[in-house]
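**Student:** One-letter residues, chain by chain:
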Amino acid sequence: QKEVEQDPGPLSVPEGAIVSLNCTYSNSAFQYFMWYRQYSRKGPELLMYTYSSGNKEDGRFTAQVDKSSKYISLFIRDSQPSDSATYLCAMTLGIRGYNKLIFGAGTRLAVHP
Amino acid sequence: NAGVTQTPKFRVLKTGQSMTLLCAQDMNHEYMYWYRQDPGMGLRLIHYSVGEGTTAKGEVPDGYNVSRLKKQNFLLGLESAAPSQTSVYFCASSYPGQKNTGELFFGEGSRLTVL
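Just so you know, the sequences run in chain order A and B.
Residue 96 in the numbering used here is what sits at position 96 of the first sequence, and the numbering runs on without skipping anything.
Numbers given in the numbering used here equal positions in the second sequence, counted from 1, plus 1000.
Mixed in with the good hints, there may be bad ones.
[Claimed, not checked] Some chain B residues close to chain A (C-beta under 10 Å, calculated; not the full set):
| id | residue |
| --- | --- |
| 1 | Val1004 |
| 2 | Tyr1048 |
| 3 | Gly1077 |
| 4 | Ala1092 |
| 5 | Phe1105 |
Because the hints were derived from the structure by calculation, they are not lab data.
Remember, predicted model here, so these are calculated numbers, not experimental data.
Heads up, the beta-carbon is just placed ideally off N, CA and C, and yes, glycines get one too.
Start from the sequences and build out the full structure, keeping to the hints where you can.
**Tutor:** The following block contains the structure:
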């Protein structure tokens, strides 16, 4: 069993839809949770970062962490064609040393006009 | 500000050939990483470095070697390429200590095909 599970999709939605992307994990010691966005043939870039449980909002994006269920989500409101990308969840035990991030396999999202 | 730059961007090798991927960062980051990305597998850490002159093994180090002779450069070497090393390779860097938010800064990737 992988430490981090993520549905690879692809997920296809119409412009303006609410998108929900999810990851589950097995290690209850993970403390830091991130979402990276990766456009085609580009490197990943950090989109959202959350420490421990709770919600974090940034514009149209909301990251949610439920540590009791070992489940994290990324919601995208009013989705746009420019949101079409692969979304990778990532998590780590701590950030005092090097960033030993464990990544999900990524969910490919396509937003069509 | 170029960020993290990888060269070459594309390469085709024959089994048994050797090559080196170069990563350069201009953000004065202490930590640097090499990942490989394969379909359905996500990003997997090959080797990493916490400072000039230091390297350490990651999750999938076999068949690769690295060197960090200068702070801004991190080299990934394949001594005898195998088809299983066909992948997209990403270099990343990050801040240490107090500035560290867990964020990795990635290059655009190097696509390697081993025939």
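**Student:** Each of the hints needs a verdict: does it hold here or not?
**Tutor:** Hints, one by one, checked against the model:
1. Checking valine 1004 of chain B against chain A by beta carbon gives a least distance of about 7 Å; that is within 10 Å, so the hint holds.
2. With its C-beta approaching chain A no nearer than about 6 Å, tyrosine 1048 of chain B sits inside the 10 Å limit, and its interface hint holds.
3. Annotation: glycine 1077 of chain B was flagged as interfacial toward chain A, and the flag is violated, the nearest CB pair being 20 Å apart, outside 10 Å.
4. Taking 10 Å as the C-beta contact cut-off toward chain A, the hint placing alanine 1092 of chain B at the interface holds, the least distance being around 8 Å.
5. Taking 10 Å as the C-beta cut-off, the interface hint given for phenylalanine 1105 of chain B holds, the closest approach to chain A being about 8 Å.
When the structure is compared with the earlier hints, a violation turns up for hint 3 alone.
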